[in-house]
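*Asks:* Respectively, the protein sequence lines represent chains A and B. Going by the working numbering, the first sequence opens with residue 154, and the numbers climb by one from there. Going by the working numbering, the second sequence opens with residue 4, and the numbers climb by one from there.
Misleading hints may appear alongside valid ones.
What the hints assert, rightly or not - Stretches of chain B that chain A covers, calculated by requiring three or more beta carbons in the stretch to come under 8 Å of a beta carbon on chain A:
no., stretch
1, 136-147
2, 209-217
3, 268-275
Please keep in mind that the hints were generated in silico from the structure rather than gathered at the bench. We treat Cβ as the ideally placed atom computed from N, Cα and C, and that holds for glycine.
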Amino acid sequence: MKIKLLLIVCIVSCARPVYRSQQFYEENHESIQNILHLYNQLYEHQPFNFGFTDRSHRYVSIEIRTPNKRYIFNTAHYSFNLDTILPKFGIDTAALRKLAVYMHLSDCTWIGRQQFFKNGVAEEVNYLSFGAVAKPSLFSEQKFYVLGFPIHAWDKEFQQLIFKKSNITPINDSVFYTISNRFK
Amino acid sequence: MNRISHCTTINLTGLICILLLCIITSSEVFANSEKALDILDKSRITQSSHWPHVTPEDLHRNLQENILHPERIYQGSATNFCGYAAFTYLLVKYQPEKYLVTIIDLYQNGTAVCGKQKLQPSKEIRNLVGTIAGKGKLDIHVADQLFFYTLADQVKGYLNIADKKYDPGNENTIWAATNLKKFKRMVSNMMETPVILEGGDILRPEVGNNFQYLQHQLEQGKVVLFVNSKYLYPSRNYIFKLRAPTHFIVLHKIVKHEGTYFIDYWDYGYNTFQAMDKKMFRKLIFGIITIHTNSL
Numbered sequence: 154m155k156i157k158l159l160l161i162v163c164i165v166s167c168a169r170p171v172y173r174s175q176q177f178y179e180e181n182h183e184s185i186q187n188i189l190h191l192y193n194q195l196y197e198h199q200p201f202n203f204g205f206t207d208r209s210h211r212y213v214s215i216e217i218r219t220p221n222k223r224y225i226f227n228t229a230h231y232s233f234n235l236d237t238i239l240p241k242f243g244i245d246t247a248a249l250r251k252l253a254v255y256m257h258l259s260d261c262t263w264i265g266r267q268q269f270f271k272n273g274v275a276e277e278v279n280y281l282s283f284g285a286v287a288k289p290s291l292f293s294e295q296k297f298y299v300l301g302f303p304i305h306a307w308d309k310e311f312q313q314l315i316f317k318k319s320n321i322t323p324i325n326d327s328v329f330y331t332i333s334n335r336f337k
Numbered sequence: 004m005n006r007i008s009h010c011t012t013i014n015l016t017g018l019i020c021i022l023l024l025c026i027i028t029s030s031e032v033f034a035n036s037e038k039a040l041d042i043l044d045k046s047r048i049t050q051s052s053h054w055p056h057v058t059p060e061d062l063h064r065n066l067q068e069n070i071l072h073p074e075r076i077y078q079g080s081a082t083n084f085c086g087y088a089a090f091t092y093l094l095v096k097y098q099p100e101k102y103l104v105t106i107i108d109l110y111q112n113g114t115a116v117c118g119k120q121k122l123q124p125s126k127e128i129r130n131l132v133g134t135i136a137g138k139g140k141l142d143i144h145v146a147d148q149l150f151f152y153t154l155a156d157q158v159k160g161y162l163n164i165a166d167k168k169y170d171p172g173n174e175n176t177i178w179a180a181t182n183l184k185k186f187k188r189m190v191s192n193m194m195e196t197p198v199i200l201e202g203g204d205i206l207r208p209e210v211g212n213n214f215q216y217l218q219h220q221l222e223q224g225k226v227v228l229f230v231n232s233k234y235l236y237p238s239r240n241y242i243f244k245l246r247a248p249t250h251f252i253v254l255h256k257i258v259k260h261e262g263t264y265f266i267d268y269w270d271y272g273y274n275t276f277q278a279m280d281k282k283m284f285r286k287l288i289f290g291i292i293t294i295h296t297n298s299l
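Please model the complete structure; the sequences and the hints are all you need to start from.
*Replies:* This is the structure we're talking about:
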């Protein structure tokens, strides 16, 4: 029975990533727009990444980036009182709760921001993860299915450069997918 | 629906522990870094025919930034360069002159000797550096690209036997992987300093109480941990959670308070603060490397 279950998990998880990502994006398009909008608003005050660390979405982890240090508060590890801590970093906890609800409802696990560089200038991209890749990764970090949303539209030349040089595949002009280890 | 759990307030002692950890060890400004900056300022780096896609200006900028802010060294998005990044961080922070001379030699001559290690990257690697994209800040950190790719190309461990030659996309594969003894070898051969190693790629360190051992080792020198990053950046969204180390971090401080461990460490371009419970801490560590400070 366990072997059958494992086989089913493997088959489902091995579905081509582009279809899985495209399907997820199309099914959750409106929620994703709400998530991105709220995340962008919060990010303007304080750069951070945020997500759930368990399948029931009971515990959260937030990575706050200041110019000199990164702080990770994971409520699964310690009883951090985020209502006290986060305002010290300028993060609106009510808005963050709303973000968590949106993410929970569309089964997104993690949101963060990454940079690509075009002629030395940073082009920022929001990343949204919705699941872990099933393939076991010995001696290398776990990989996740990730949707990428450039903050500003990329020109064709830059798109071609990025798609050629990295493991990123476009879904449409403003969304791509990749497999990545937590956006670091 | 409130999904952020409301928990008990951190008591005053805990807050003090956290604040102590949050004090950046800025007192560790090394006189050597000033000398290194002086060397860099006086060096006349000219366009190298060995590295056609790396300009002297970009190299100079990255070298300067690394010496001033070694904590910003970034391994690259979706790469297996964590071992090389951790090693570079240590070399820049504690032997910045040696780092600088090595990189400048490597750039100008296409080859260099760092301690006992000869570095002679292949033409393929030299033509690649300066052209990568989609790796985050590593895209514009050409000195780091130069060094990481060179180390991956030249320093091999048993994990790399199956894939010794670079192919496009190998940054994220076994070609770039670093096992514990390979990391120790990089430190011993290039930094030429005594290194103590406990633990391994499969078996955990047999040092009794990990916390007490780490506290003791931090008094002896600099400590690097070989960890299972699934316990450092955990998620129960993993389908498989293999018990194997995957990542190198440089430990700065560790404090225990009411059964929770508060750690201050470096990785991914940041000094980082994090808490972890007993279970996570017990499963986290596979290797402990101590580099004696007196010999640096």
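*Asks:* Evaluate each hint against the coordinates.
*Replies:* We went through each hint and held it up to the structure:
1. Three residues within the 8 Å Cβ limit are the bar, and the stretch 136-147 of chain B against chain A gives 7, so the coverage statement holds.
2. Under the rule that three or more residues need a Cβ within less than 8 Å of chain A, the assignment of the stretch 209-217 of chain B is violated, with 0 such residues.
3. Residue count for the stretch 268-275 of chain B with a Cβ under 8 Å from a Cβ of chain A: 4. That meets the three needed, and the coverage hint holds.
In summary, the structure is inconsistent with hint 2 from the numbered list given earlier, while agreeing with all the others.
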